[in-house]
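Visitor: Letter by letter, the chains look like this.
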Amino acid sequence: MSHLTVRIWRGADEGEFQDFSVPMRENQTVLDVVSEVQRTQDQSLSYRFACRVGVCGSCAMMVNGKPRWTCRTHIRSLKSSVVTIAPLRNMPRIKDLVTDMSGFIDKWGRAGNVFESQRDRGDAPALVDPSSPMRKVADAAIECINCGVCHAACDVVSWNDAYLGPAALNRAWSLVNDERHSGKKETMMAAMGDGGCGNCHSQGNCMAACPIGLSPTRSIAGLKKMSLMSLLGGSDA
Amino acid sequence: MPNPMFEMRLYLLQRLTAILMLPMVIGHLATIMYATRSELTAASILERTQSSPWLVVFYTGFVILVSIHAPLGLRKIMGEWLRVSPKLANRISVLLFLGFLGLGLRGVWALTGGTMS
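Order-wise, the sequence lines are chains A and B. The C-terminal position of the first sequence is numbered 237 in my numbering, with every residue numbered one higher than the one before it. The C-terminal position of the second sequence is numbered 117 in my numbering, with every residue numbered one higher than the one before it.
No wet-lab data here; the hints were simulated from the structure. Given the structure is predicted, the values throughout are model-derived calculations rather than measurements. Where is the CB? At the ideal position from N, CA and C, for every residue including glycine. Incorrect hints may have been included.
Label-pair distances were calculated between CB atoms; the ranges are [to be verified]:
#	chain 1	residue 1	chain 2	residue 2	range
1	A	G103	B	V57	50 to 56 Å
2	B	G99	A	P133	43 to 49 Å
3	A	P133	B	W81	34 to 40 Å
Listed below are several chain A residues computed to face chain B (Cβ distance under 8 Å; list not exhaustive) [stated by the list, open to error]:
#	residue
4	N160
5	M192
6	G198
All chains, please: the whole structure from these sequences, using the hints.
Guide: Okay, structure coming up:
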């Protein structure tokens with residue numbers, strides 16, 4: 001049976017790659033390989049996963065330099081006998097393949113991503129027309145599950161600590177297009193302020209890397225357009 | 001910056017100047033072709049360009065737009081690629097703005113028949 005060389009990051013921000021050899025199998029994902037190393041070779045290896053089937057988004061890592069869901073990445077598709085696995089980029093490293101995602105999550109908050117409603121439980125549920133243009137735009141961005149892959153893919157995030165990043169701004173875009181959201185002005189102010197949508201270079205790495213095919217690039221372009229219109233219109237949001 | 005919209009306003013300014021400059025760049029290239037179609041000496045070029053007041057208006061506007069647009073782009077490059085602090089990048093950008101504006105307007109002044117000295 002032929003073997004696969006797996007180079008796995010060990011340590012935190014300071015550390016080094018450690019090589020392991022794992023049997024090559026007919027069907028095996030990158031997550032299978034990491035699990036096999038942890039179970040059969042080094043039980044101290046730390047990594048995250050939960051569902052194993054592309055639902056939860058917890059197993060995101062850098063695979064051969066690209067951020068990916070390891071459970072949805074077949075070794076065969078990499079077409080390489082050496083696989084390098086590192087923790088997600090643009091996040092502090094805790095241990096081995098585990099990153100500290102709190103900064104990433106904090107940016108979601110800083111982008112004004114708190115839903116606010118003027119309604120209460122006594123009111124009937126809001127009627128939202130699924131075919132309305134605003135709802136279609138919101139729906140196109142809403143399936144994001146915070147896996148952090150786009151955040152790791154973004155070069156602007158790596159250059160500019162203040163930049164909120166594609167995931168947070170994508171969420172802001174779905175929120176400002178949610179007709180039930182009453183804090184639209186606050187969300188816009190946060191999403192277009194310092195660290196906001198104006199920093200995006202439209203490189204599209206987020207869109208290329210998103211495991212479920214969302215386009216934060218398009219969402220951010222929408223925010224840019226909306227913010228330009230509002231500034232040209234003389235108001236701040 | 002105290003105003004959270006400061007960055008957004010600069011962003012808007014840069015985009016607007018880009019839109020306005022697009023046709024002007026084409027006009028500038030056309031002017032270069034026109035001004036350099038024969039002899040390449042300052043005197044012969046000035047002879048062709050000095051007679052037009054439109055060129056003065058055109059280039060005064062162009063110089064102002066470039067002086068705003070270019071330092072804003074360089075300011076971002078300084079921050080993102082060279083890790084220059086925001087305060088220093090702002091200061092350098094203001095100096096670049098003044099430098100581009102001064103040199104550019106001096107060039108326009110020469111176009112009107114002012115001396116080149």
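Visitor: None of the hints should be skipped; say for each whether it holds.
Guide: Evaluated hints:
no., hint, result
1, A/G103 - B/V57: 50 to 56 Å, "51 Å, holds"
2, B/G99 - A/P133: 43 to 49 Å, "47 Å, holds"
3, A/P133 - B/W81: 34 to 40 Å, "38 Å, holds"
4, N160, "6 Å, holds"
5, M192, "5 Å, holds"
6, G198, "4 Å, holds"
Every hint, counting from the list given before, is met by this structure.
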